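As they're listed, the protein sequences go chains A and B.
Numbering-wise (full-length UniProt numbering), the first sequence opens with residue 1 and increments by one.
Numbering-wise (full-length UniProt numbering), the second sequence opens with residue 1 and increments by one.
These aren't lab readings, by the way, just hints derived from the structure by calculation.
Owing to the predicted nature of the structure, the values given are computational and were not obtained by experimental measurement.
Accuracy of the hints is not assured; some may be wrong.
[Unchecked claim] Restricting the straight-line Cα-Cα distance to at most 20 Å, the calculated cross-link-like pairs of lysine-lysine (PhoX-like) are:
| id | chain 1 | residue 1 | chain 2 | residue 2 |
| --- | --- | --- | --- | --- |
| 1 | A | K144 | A | K165 |
| 2 | A | K89 | A | K165 |
| 3 | B | K144 | A | K246 |
| 4 | B | K144 | B | K134 |
| 5 | A | K2 | A | K66 |
| 6 | B | K81 | A | K2 |
[What the hints assert, rightly or not] Some chain B residues well away from chain A (every beta-carbon gap over 12 Å; in silico):
| id | residue |
| --- | --- |
| 7 | N19 |
| 8 | L56 |
| 9 | S132 |
| 10 | S140 |
| 11 | S186 |
We treat Cβ as the ideally placed atom computed from N, Cα and C, and that holds for glycine.
One letter stands for each residue in the lines below.
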Amino acid sequence: MKTLATIYKEFLLLIRDPGGLALIFIMPLALVIVMALVQDAPFRDYQEVKLDVLFVDQDADSLSAKVKQAFDSSPNVNLVVKTDTAEVKKLIQAGAFKAAIVIPANSSETLREKTKQLIIEVFSNFGLAEASKDSVDMNAIGIKILFDPAIKSNYKQTLTGGVQKIIAGIQAQWILDELQNQLSEGRADVKKTKVSLTDIIQVKEQYASEKKYQGLMLNSVQHNVPAWTMFAMFFILYPLAGNFIKEREEGSLLRLRLISGSQFPVISGKFAFYFMICLLQFVLMIAVGIYIMPLLGLSKLVLGSNIAGILLIACSVAMAATGYGVLIAVYFRTPQQALSFGSVSVVILSAIGGVWVPVYVMPEILQTISRFSPMSWGLESFNDLFLRQASIQTILPNVLRLTGFSLVTLFISVIIHKSRTIL
Amino acid sequence: MSTSAVRLDGLTKQYPKTNKAAVSNLSLQIPEGAVYGLLGPNGAGKSTTVMMLCGLMRPDAGTVNVLGMNMQEQGTEIRQKIGVASQEIALFPTLTAYENLFYFGRMYGMPGAMIRSQIDKYLHIFGLTEKSKKIVHTFSGGMKRRLNLMAALLHQPKLVILDEPTAGVDVQSRNMILDFLKDLKSEGTTIIYSSHVLEEAERICSHLGIIDEGTLITEGTRTNIMGAHPDCQNLEQLFLKLTGKNIRD
Chain A
1 MKTLATIYKE FLLLIRDPGG LALIFIMPLA LVIVMALVQD APFRDYQEVK
51 LDVLFVDQDA DSLSAKVKQA FDSSPNVNLV VKTDTAEVKK LIQAGAFKAA
101 IVIPANSSET LREKTKQLII EVFSNFGLAE ASKDSVDMNA IGIKILFDPA
151 IKSNYKQTLT GGVQKIIAGI QAQWILDELQ NQLSEGRADV KKTKVSLTDI
201 IQVKEQYASE KKYQGLMLNS VQHNVPAWTM FAMFFILYPL AGNFIKEREE
251 GSLLRLRLIS GSQFPVISGK FAFYFMICLL QFVLMIAVGI YIMPLLGLSK
301 LVLGSNIAGI LLIACSVAMA ATGYGVLIAV YFRTPQQALS FGSVSVVILS
351 AIGGVWVPVY VMPEILQTIS RFSPMSWGLE SFNDLFLRQA SIQTILPNVL
401 RLTGFSLVTL FISVIIHKSR TIL
Chain B
1 MSTSAVRLDG LTKQYPKTNK AAVSNLSLQI PEGAVYGLLG PNGAGKSTTV
51 MMLCGLMRPD AGTVNVLGMN MQEQGTEIRQ KIGVASQEIA LFPTLTAYEN
101 LFYFGRMYGM PGAMIRSQID KYLHIFGLTE KSKKIVHTFS GGMKRRLNLM
151 AALLHQPKLV ILDEPTAGVD VQSRNMILDF LKDLKSEGTT IIYSSHVLEE
201 AERICSHLGI IDEGTLITEG TRTNIMGAHP DCQNLEQLFL KLTGKNIRD
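Take these sequences, add in the hints, and give me the full structure.
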């Protein structure tokens, strides 16, 4: 009954505190929406972003035509044809375009001739043909790719790799064609075979997810909604510690200290109330991910199939966040100390926990440190559940870590609170 | 008045990093039903004594017996039977008067019906019935002080400890509080009254104890103490005579 009374008292205090309500509900909702929007582009990799690339065709022959054709059919590159190399360079320097492909004059002819020479040389080594007498040394074909210095390295690598792949494909095709030419020389009865090299090996990309969730990958919404939800849940320490210390300063906590048997209900009532608030925050933020994000042009949050697992991890995160809030509230003597330390520590825990950027892009040392952040435990489990359709068994170690963290913080809080009750 | 409501024996407390005890070997007895004025200049050791009396502070030496129970052994039971109105307004400012009292009643473990009847009784006595649904931070200083006192009395304590219960209130509120304390005394409740306003102590206290520099310098019924110092016409003169005129920190 005493705990229930404390929960009701906390409820009354909160609903009469518009600032606290905004901090608990409105700010996190705004934060998760803004962060998902801001991080949407960085989260899209090359496959998702349509990159405008300048294309200068000085060759005007089959090689450049093949390159153009290959990129035209790519959903990620939009070729903008230009003729003047100097203008192209200026546009790249100005940052108007991120990259340009320049196919120099006579590239096709050079490649054709090089291929022919290569085949003749191979044939002559086997005594099947005479080495060409008019064989001349030719320079390598110098296809240029100009990059804006501000281009992301993954775009750069993908574009270079794409060009190299196309050229290699053309070269292989031409070698095969030339091979047939040489072998059929002087034989009118032999019909050339049309061979498509791309049919020989096909590389299929597939995510190791269940069929229903094929194509679902980590994107801005899938990362930001659980990540900033946890951040907001840990920020519960702000109203929790603020109210607790205010009560201590105003003296109401002193009155409660004088009432026998009131310490456990005071702590447990606060814990239970803010735990429920954390869960409410979680439900609201998830609802934003599902219903609001798509309205803003973002992906819809996909929860996966293990709802019981999601509830379990949400409860564990809520427990950890509230326990941490209680510890901060009890340990610090002034609101300034508690709120400054509390908010900075949450930002640090969130940064190393992978809230701002995923843990896998962090340096190794930070990846090691992140294993000690409760937010990392939570986020890892949300990713397991949302993207990998993990079972409860998979997330159980993190559930235990979060619950353990909560119990340890509460235990320390009770010891500190008791030590300050009887001086 | 034969038995003691409070008995302190050889109470000593020294704070860390100080070279002098805040309370030194203090012994006193407060008879049941008395209004005991615990007086002393600033820093005399009154608050430390009260803290040990409430069980909020452990003495370095000595024993605290309240209502026949030892504080070290039965602190929980003792706290259930005492009411403390501290100098601070120990209330939740954004709750209404009623909500504050109901919550404290619940924390004392009182049943709902009993809390409601006690609240109605005290709201009526202290003239706050019409303000019961108002948020406390809109109250005047006097109203808050009365509510603060009500919160200490809800559970019908046998011993009430009041620290400056009239600080910052107007004459009307002070008069109301003092009249109420007289009524409370007549019901047999023991009251420990700590104040700097000696006129008030003179008006309501049956017993006095004056502390200075951590030691009890005089104790007894008000009549006996005043009688022992015929040169003093009032309590203020007696107080200055016993504690000196030096300004304290």
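Each hint, compared with the structure:
A threshold of 20 Å between alpha carbons decides the hint, and for A:K144 with A:K165 the separation of about 15 Å falls inside it, so the pair holds. Our distance criterion of 20 Å between C-alpha atoms is broken by A:K89 and A:K165, whose separation comes to about 24 Å. For the hint pairing B:K144 with A:K246, the CA-to-CA distance comes to about 17 Å; that is within 20 Å, so the pair holds. Distance check on the hinted pair: B:K144 and B:K134 sit about 11 Å apart at the alpha-carbon level, within 20 Å; holds.
Taking the CA atoms of A:K2 and A:K66, the gap is near 79 Å; set against the 20 Å cutoff, the hint is violated. Only pairs whose Cα atoms come within 20 Å are accepted, and B:K81 paired with A:K2 is accepted, the gap being roughly 18 Å. At roughly 19 Å from the closest C-beta of chain A, the C-beta of B:N19 stays outside 12 Å, upholding its exclusion from the interface. At roughly 6 Å from the closest C-beta of chain A, the C-beta of B:L56 falls inside 12 Å, breaking its exclusion from the interface.
No Cβ of chain A approaches the Cβ of B:S132 within 12 Å, the least distance being about 15 Å, so the stated non-interface status holds. Every C-beta of chain A lies more than 12 Å from that of B:S140, the closest at about 17 Å, which supports listing it as non-interface. At the 12 Å boundary, the C-beta of B:S186 stays outside the reach of chain A, the nearest C-beta of that chain being 25 Å off.
Checked against the numbered hints above, the structure breaks hints 2, 5 and 8 and satisfies the rest.
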